[in-house]
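If you read the protein sequences in the order shown, they are chains H and D.
With this note's numbering, you'll find the first sequence wraps up at 600, consecutive numbering, no jumps.
With this note's numbering, you'll find the second sequence wraps up at 702, consecutive numbering, no jumps.
Hints listed in this document are in silico derivations from the structure and should not be mistaken for laboratory results.
Ideal Cβ positions, reconstructed from N, Cα and C, are used throughout, including at glycine.
Warning: the hint list may mix true and false statements.
Claimed, not checked - A short list of chain D residues far from chain H (calculated; beta carbon distances all over 10 Å): (1) Ala238; (2) Arg260; (3) Ala555; (4) Asp614; (5) Ala619.
As the list claims (entries may be wrong) - Subject to a maximum C-alpha distance of 27 Å in a straight line, what follows is the list of computed DSS-like cross-link-like pairs (lysine-lysine): (6) Lys240(D) <-> Lys594(H); (7) Lys478(D) <-> Lys594(H); (8) Lys191(D) <-> Lys380(D); (9) Lys251(D) <-> Lys390(D); (10) Lys240(D) <-> Lys390(D); (11) Lys308(D) <-> Lys240(D).
What the hints assert, rightly or not - Cβ-to-Cβ under 7 Å is the rule here; a few derived chain H residues that face chain D: (12) Leu458; (13) Ala462; (14) Glu465; (15) Ser469; (16) Gly474; (17) Ala552; (18) Leu586.
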Amino acid sequence: MDHAVQLLLLTLAAGTPLVYAALGELVTEKSGVLNLGVEGMMLVGAVVAFIVAATTKSPWLGVAAGMLAGAALALVFAVVTLTLQANQVASGLALSLFGVGLSAFVGLEYVSVVIEPIKPLAIPGTPDLPVIGTLLFGHSPLVYLSLVLFAAIQWFLFRTRAGLVVRAVGESPQSAHAIGYPVVRIRYLAVLFGGACAGVGGAYLSLVYNPSWVEGMTAGRGWIALALVVFATWKPWRVLAGAYLFGGVTLAQFQAQALGVEISAQYLSMLPYVATIVVLAVISRDAATIRLNAPASLGKPFHPDG
Amino acid sequence: MPPRLKLSGITKAYPGVVANAGIDLVVVPGEIHAVLGENGAGKSTLMKIIYGAVKPDAGTIAWEGKPVAIANPARARRLGIGMVFQHFSLFETLTTADNIALALEGERAGPSLPARIRDVSAKYGLPLDPDRYVHTMSVGERQRVEIVRCLLQDPRLLIMDEPTSVLTPQAVEKLFGTLRRLADEGCSILYISHKLDEIRALCHKATVLRAGRVTGDCDPRRESSSSLARMMIGGDLPHPQPRTAQPGADALVIRDLTLPADDPFGTTLSAIDLTVRAGEIVGIAGVSGNGQKELLAALSGERLLDDAAAVTILGTPAARLDAGARRALGLGFVPEERLGRGAVPEMSLAENALLTGWRERMVAWGFVRAQTVREYAAETIRDYGVKAGGPDAAARSLSGGNLQKYIVGREIRQRPRVMIAAQPTWGVDVGAAAQIRQALIDLAGSGVAVLVVSEELDELFEICDRLAVIAQGRLSDPKPVADTNAEEIGLLMAGSFIHAGAEGHRAFSPAGVLGLD
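I would like the entire structure built from these sequences, with the hints used as guidance.
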């Protein structure tokens, strides 16, 4: 029993960076903008969060700094693609490459620094509840915050007028413009939100999941987040499920390595990526679901005077 | 009482073209005012200026006597200007209520909205279900959503941009009833169209535009169609030359063609039968979205069928052949989308000629014979009166009508024996449309079997020998045009020939197809 709860906890922990990055990207894409720079934004978020946390000794300031760093990188992307109308795919790829390089450069002197990780929530009077207690309080607050974020995004996109406007802009910016919505401003906000989320996802990696800074420590999670959004057919709950699937397989793969399974470690490391994509690709084969949920204007630039 | 809207000296220039030059226009309350002109005359630009979507270079706008600057559509809506767009500005993946809520402000988009949608739609005879998704709707129903959306904003000026181009004759009558009722209540209506009969039947006043200028101002109820046409195109409408050839052998035979939809928003074709004989023109009428796209894909070879005999071209079962093999059998094809299907936008006219015409000795030993290709393109440009910079002009640089003339010419010059043309004159100005129709008539006169799929009933009646109707993926039995009329075809377009209990992919409702229920 304890072992199962432990596994569940570790699964949540391993999936959380993806939850942040993919949910943020989902909102960006729902507004019709494809930002392929998630990997870069996560890495910059991770390194900035780590440096600030190491310098100020306050992990929470670190998280805030990671969030701002992700948003700052997203702002560059937004200016280039939304104001200057550059190609979104090329700009996003460039942003990823830039983020990888920038984070490695900035983080050079922090590679072996040790910091104090964010502590799990400690609520007095509850720690002894057996299973529930561990499940509810055994984690960093960032894990629970990601679930709050999920609920908030689900509610925002499908229950509020502002969310309706975001979806409308993503489906047909021309129509949204014709009935009087500021398409470019709305897309700016969605891109910044996506960047901030990616930054927090990175901060979680360097402050909680593996409290340290290692060059390229996201290990492709930014790319997986992008794939998750597509294969989850732009539905938040499927993004969540996909992220935890990734977390679960990551864990299983570690266990397999520990048990000395006769498979090369490289193949085992591939497993979470392969499994996540295969499973999601299989469940999202339905063309109708894709047509109804995919933002129709995804990746296409919008000229207000078109 | 001041006029509701007064435009003075409105001017708007784009690089290389003056869309509006010093336009004056006055609309009084309760008036249905037509703005008439060919494509490219500047009607749409003018309407976008009134609706705040485009900024004029010069000129003033007065609204109810006061000068205003309409900076954006939101401002226009606050003034009380509503617009129903030619290409709908709806969001397909949202419901009716969501679509309407997006255009309303604050309180008015609240929980009482569905009830108010029902009220307004009942009052004006425009029934709507607030919870239905737009992508499941016919074109007529979508237009009702747009109209109800405008009405809920209590408009004092309603702009209708070519609202009838997608409707059946019966749905047009219904729409006119709604518009007259609105005008009686004091709402002004600006009605954009190039259909002269409709303007004479509906409008109190007409302003005619040609090449960005006002060329006339009249009471359309006192004009004839030909006098309006003279103002619009500056000359008389050309009349088609009749032809005399007798139909010959069966050239294109469609037998029991059944094809499931390949797209969730598509239409399933069921048991389509049709024969086109050499030397005749057969037309397929119908409201778009009833299976035209799927049928054309099955005929052109874009989609292959299991049953090779479902499509027979000149005696050869062709339903399993790809598009190239069907062209080799003697099929010519003019698709509906000019840019992207009919021509590659970025490529030159010569290169576009090569794409379908390479069998005309344009390739030798795997090498393109550039000279032959250029000559072919140049001759097509000359023979079909295409206004273009020459064989090297990019396809996308041509206007819609000129590119269409080029594509039709390119196909005809390959001497097809079966010709399929989809919406051959859609968005083409009156002069070029007449030229294209004449080319198709001459083609049939030379013994080619011609199949025309079009939404323009007038066009089909003008050029076809026989007419069939497609509705909900089924095809009616073709009738000689001499034995039928627009009213009967209109009912067929609503699906009246489909027996109750027939398995369509959605429940049968003639009124639903028409947008009348």
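Evaluated hints:
| no. | hint | in the structure |
| --- | --- | --- |
| 1 | Ala238 | violated (6 Å) |
| 2 | Arg260 | violated (8 Å) |
| 3 | Ala555 | holds (32 Å) |
| 4 | Asp614 | holds (22 Å) |
| 5 | Ala619 | holds (31 Å) |
| 6 | Lys240(D) <-> Lys594(H) | holds (24 Å) |
| 7 | Lys478(D) <-> Lys594(H) | holds (25 Å) |
| 8 | Lys191(D) <-> Lys380(D) | holds (25 Å) |
| 9 | Lys251(D) <-> Lys390(D) | holds (23 Å) |
| 10 | Lys240(D) <-> Lys390(D) | holds (26 Å) |
| 11 | Lys308(D) <-> Lys240(D) | violated (35 Å) |
| 12 | Leu458 | holds (6 Å) |
| 13 | Ala462 | holds (5 Å) |
| 14 | Glu465 | holds (5 Å) |
| 15 | Ser469 | holds (4 Å) |
| 16 | Gly474 | holds (3 Å) |
| 17 | Ala552 | violated (46 Å) |
| 18 | Leu586 | holds (5 Å) |
Violated hints, listed in ascending order, are 1, 2, 11, 17; each of the other numbered hints is respected by the structure.
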